[in-house]
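**Student:** So the protein sequences, as listed, match chains Y and C.
For what it's worth, the UniProt record's numbering labels the leading residue of the first sequence as 1, then goes sequentially.
For what it's worth, the UniProt record's numbering labels the leading residue of the second sequence as 1, then goes sequentially.
Everything labelled a hint here was simulated from the structure, so no lab data went into it.
Ideal placement from N, C-alpha and C gives every residue a C-beta, glycine not left out.
A hint or two may mislead.
What the hints assert, rightly or not - Among chain Y residues calculated to face chain C with C-beta under 10 Å, some are:
| # | residue |
| --- | --- |
| 1 | Ala-36 |
| 2 | Gly-38 |
| 3 | Glu-42 |
| 4 | Trp-46 |
| 5 | Ala-171 |
| 6 | Glu-301 |
| 7 | Trp-308 |
| 8 | His-312 |
| 9 | Thr-328 |
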Amino acid sequence: MYGGGYIFDEPNKKQLREEEQHDEPEKLAAFEERIAKGEKIEPGDWMPAEYRRQLIRLIEQHAHSEIIGALPEGTWITRAPGFKRKLALIAKVQDEIGHGQLLYNAAETLGKSREAMINDLLSGKSKYSNVFNYPAETWADVAVIGFLIDAAAIVNQVANAKGSYGPYCRALERICYEESFHLKQGHDAFIELATGTPAQRDMLQDALNRWWQPIMHFFGPPDKVSSHSEKLMQWKVKMASNDDMRNQFLDAYVPKVWELGLTLPDPALRKNEATGRWEYTDPDWDEFFRVINGGGPCNAERLQVRKWAEEHGRWVRKALMRPAERKTFPAA
Amino acid sequence: MSNESLDPRVNRLKLGEAGEIVKVEEGENWNIYEVFHQEKRGAHHEHVGCVHAPDPQLALVFAKEQFGRRKKCVNLWVVKSADILAFDVEDEDMFANNLEKTYRDASGFKVMEKINKFKQSK
Numbered sequence: 001m002y003g004g005g006y007i008f009d010e011p012n013k014k015q016l017r018e019e020e021q022h023d024e025p026e027k028l029a030a031f032e033e034r035i036a037k038g039e040k041i042e043p044g045d046w047m048p049a050e051y052r053r054q055l056i057r058l059i060e061q062h063a064h065s066e067i068i069g070a071l072p073e074g075t076w077i078t079r080a081p082g083f084k085r086k087l088a089l090i091a092k093v094q095d096e097i098g099h100g101q102l103l104y105n106a107a108e109t110l111g112k113s114r115e116a117m118i119n120d121l122l123s124g125k126s127k128y129s130n131v132f133n134y135p136a137e138t139w140a141d142v143a144v145i146g147f148l149i150d151a152a153a154i155v156n157q158v159a160n161a162k163g164s165y166g167p168y169c170r171a172l173e174r175i176c177y178e179e180s181f182h183l184k185q186g187h188d189a190f191i192e193l194a195t196g197t198p199a200q201r202d203m204l205q206d207a208l209n210r211w212w213q214p215i216m217h218f219f220g221p222p223d224k225v226s227s228h229s230e231k232l233m234q235w236k237v238k239m240a241s242n243d244d245m246r247n248q249f250l251d252a253y254v255p256k257v258w259e260l261g262l263t264l265p266d267p268a269l270r271k272n273e274a275t276g277r278w279e280y281t282d283p284d285w286d287e288f289f290r291v292i293n294g295g296g297p298c299n300a301e302r303l304q305v306r307k308w309a310e311e312h313g314r315w316v317r318k319a320l321m322r323p324a325e326r327k328t329f330p331a332a
Numbered sequence: 001m002s003n004e005s006l007d008p009r010v011n012r013l014k015l016g017e018a019g020e021i022v023k024v025e026e027g028e029n030w031n032i033y034e035v036f037h038q039e040k041r042g043a044h045h046e047h048v049g050c051v052h053a054p055d056p057q058l059a060l061v062f063a064k065e066q067f068g069r070r071k072k073c074v075n076l077w078v079v080k081s082a083d084i085l086a087f088d089v090e091d092e093d094m095f096a097n098n099l100e101k102t103y104r105d106a107s108g109f110k111v112m113e114k115i116n117k118f119k120q121s122k
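Can you build the whole structure from these sequences, using the hints too?
**Tutor:** Given below as structure tokens:
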């Protein structure tokens with residue numbers, strides 16, 4: 001799943017630093033020319049410090065989102081309705097953890113160790129996609145997550161797979177391939193409820209109503225308030241603006257919800273045929289920032305579960321340790 | 001935190017027991033191995049990514065889980081990342097070809113022209 005479209009700022013809100021962009025003008029020019037030509041940047045290549053910093057931030061948050069994103073769904077494995085749904089959910093959750101590892105490795109090629117990333121997650125310094133700070137209350141929530149949130153993540157990941165950093169693109173290529181099954185099984189579970197009994201439809205409608213705002217939050221704040229996108233887009237770190245990705249998502253998936261006779265809790269939601277853009281009520285962005293900063297219903301539980309896992313897995317890692325091994329970084 | 005999770009298993013874990021601060025030591029996630037997979041017998045092994053593992057045997061086990069569980073795969077190699085020797089990317093220009101290299105390309109040898117010319121002269 002689960003690269004949120006939005007790269008969260010670090011707590012100190014460091015902006016792109018002008019001096020770093022100009023420290024080695026010749027190398028910077030050659031670097032930007034390579035990116036403009038569509039070439040990929042590889043780990044050993046020269047890159048501006050700010051490019052490295054922003055990529056680590058992006059890929060690391062993406063990795064954390066995969067790992068934390070497995071928790072709300074993992075909760076439902078024991079209660080999945082039927083053997084096939086249970087098998088599919090186990091497979092999906094395993095894939096998400098695998099994606100986390102692929103992404104941690106891609107970030108490690110930039111020089112930040114996996115341990116450092118995990119520590120930053122546990123301490124709350126680095127963020128993950130905001131949608132996972134909400135609970136999956138019923139099985140219909142799992143269907144909505146598997147269908148619509150995976151769909152939103154795919155919009156983002158397909159865009160990012162065309163970015164400039166080789167290891168991230170290669171990881172995303174594999175991830176996107178695996179996501180196609182996630183989306184399909186989510187859609188299938190969604191359709192099953194939508195075409196089922198009145199009670200099943202009610203349960204699905206209730207889940208949609210609760211998840212709509214987090215889904216609208218998924219791609220991040222509107223372009224008019226989102227800062228420092230221009231350089232990141234020139235460097236092909238960010239491949240599309242938040243609003244463009246949100247529009248692409250609405251265009252593809254709102255009709256798929258409406259065609260089932262379900263509703264979305266926004267009376268203003270409609271496509272403006274003249275502009276081709278979707279119009280909607282702005283979701284509550286204060287709520288978005290409140291939840292990012294720890295105020296959501298599940299922030300504490302998610303991190304506590306991660307801490308529990310690290311703490312209780314430590315003896316296994318230690319028992320297998322070969323002290324003579326020298327720690328290295330991935331080659332590509 | 002209070003035990004108010006919707007997940008009964010989470011409620012059974014005594015969360016918070018580990019304390020607020022949990023720190024993973026540098027190197028605790030072991031070492032990094034590069035993974036090469038073979039899609040079918042007779043094909044090359046291709047680099048697909050990395051795994052963290054304490055030794056090569058476990059690296060193979062993790063690689064099978066990570067890279068062999070979805071797409072077709074018949075074999076895997078692992079090698080410690082540190083053992084990969086590669087040229088410096090700055091030296092990329094050493095691979096630049098001479099413009100004139102037809103002497104080592106199959107297309108640089110036009111035998112048919114000579115054969116046809118010979119046949120026509122008969």
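**Student:** It remains to establish, for every hint, whether it holds in the given structure.
**Tutor:** Structure-based check of all given hints:
no., hint, in the structure
1, Ala-36, "18 Å, violated"
2, Gly-38, "17 Å, violated"
3, Glu-42, "6 Å, holds"
4, Trp-46, "8 Å, holds"
5, Ala-171, "7 Å, holds"
6, Glu-301, "5 Å, holds"
7, Trp-308, "5 Å, holds"
8, His-312, "8 Å, holds"
9, Thr-328, "4 Å, holds"
Hints 1, 2, counting from the list given before, are not met by this structure.
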